[in-house]
Amino acid sequence: MKNSITYSERERTPTQRQELIDKARAWSIAQGAVPGPAAEAVYARYVAGELTLQGVTDELKSYYANRATTPVGAGSPAAPQGTMQPEELLMAS
1 MKNSITYSER ERTPTQRQEL IDKARAWSIA QGAVPGPAAE AVYARYVAGE
51 LTLQGVTDEL KSYYANRATT PVGAGSPAAP QGTMQPEELL MAS
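Taking the working numbering as reference, the numbering of the sequence shown is continuous, increasing by one, and the terminal residue is 93.
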């Protein structure tokens with residue numbers, strides 16, 4: 001099945017998408033926020049062409065919102081399977 005996601009000119013190839021993620025990760029780390037395994041899993045899906053940047057943002061927002069509402073000791077939610085969009089971060093680079 002052909003990928004139905006349309007990427008911008010700056011993110012058409014996996015290499016371009018990886019470069020965008022690398023920049024976003026570096027920016028996050030510089031701000032004191034080290035991406036965890038769930039975020040890295042979502043980033044990998046974007047690089048593989050499974051998600052858009054908006055999808056990455058949506059996935060991560062959902063994941064961290066669910067974590068914030070999960071009672072302590074109730075276990076952590078599974079890694080996100082939707083999308084997250086670090087688009088705001090990438091636009092700043």
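Hints are computed from structural coordinates only; laboratory data are not their basis. You may find that some hints are simply not true.
Said to hold, decoys possible - Restraint ranges, calculated between C-beta atoms of paired labels, are given here: (1) 29 with 61: 18 to 26 Å; (2) 61 with 5: 13 to 21 Å; (3) 30 with 64: 14 to 22 Å; (4) 8 with 28: 17 to 25 Å; (5) 15 with 68: 28 to 36 Å; (6) 62 with 5: 29 to 37 Å; (7) 70 with 28: 34 to 42 Å; (8) 5 with 28: 21 to 29 Å; (9) 13 with 68: 16 to 24 Å; (10) 16 with 69: 34 to 42 Å; (11) 67 with 9: 17 to 25 Å; (12) 13 with 69: 14 to 22 Å; (13) 62 with 26: 20 to 28 Å; (14) 65 with 13: 17 to 25 Å.
Remember, it's a predicted structure, so these values are computed and weren't measured experimentally. Heads up, the beta-carbon is just placed ideally off N, CA and C, and yes, glycines get one too.
Status of the hints after comparison with the structure:
1. Separation of residue 29 from residue 61 is about 19 Å and conforms to the stated range, judged on CB atoms against 18 to 26 Å.
2. Range check, residue 61 to residue 5: about 19 Å between beta-carbon atoms, so the 13 to 21 Å window is met.
3. Range check, residue 30 to residue 64: about 19 Å between beta-carbon atoms, so the 14 to 22 Å window is met.
4. Separated by about 21 Å at the C-beta atoms, residue 8 and residue 28 satisfy the suggested range of 17 to 25 Å.
5. Here the CB-CB span from residue 15 to residue 68 is close to 34 Å, well matched to the stated 28 to 36 Å.
6. For residue 62 and residue 5, the Cβ-Cβ distance of about 19 Å falls outside the hinted range of 29 to 37 Å, so the restraint is violated.
7. The hinted window of 34 to 42 Å between residue 70 and residue 28 is violated, with their beta carbons roughly 22 Å apart.
8. Between residue 5 and residue 28 the CB atoms are about 23 Å apart, so this pair conforms to the stated range of 21 to 29 Å.
9. Distance hint check: the CB atoms of residue 13 and residue 68 are about 35 Å apart, inconsistent with the given range 16 to 24 Å.
10. For the pair residue 16 and residue 69, the supplied restraint of 34 to 42 Å holds, since their beta-carbon distance comes to about 35 Å.
11. Distance hint check: the CB atoms of residue 67 and residue 9 are about 35 Å apart, inconsistent with the given range 17 to 25 Å.
12. Between residue 13 and residue 69 the CB atoms are about 37 Å apart, so this pair departs from the stated range of 14 to 22 Å.
13. Checked against the hint of 20 to 28 Å, the pair residue 62 and residue 26 passes, with Cβ atoms roughly 24 Å apart.
14. Taking the beta carbon of each, residue 65 and residue 13 are about 31 Å apart, not inside 17 to 25 Å as hinted.
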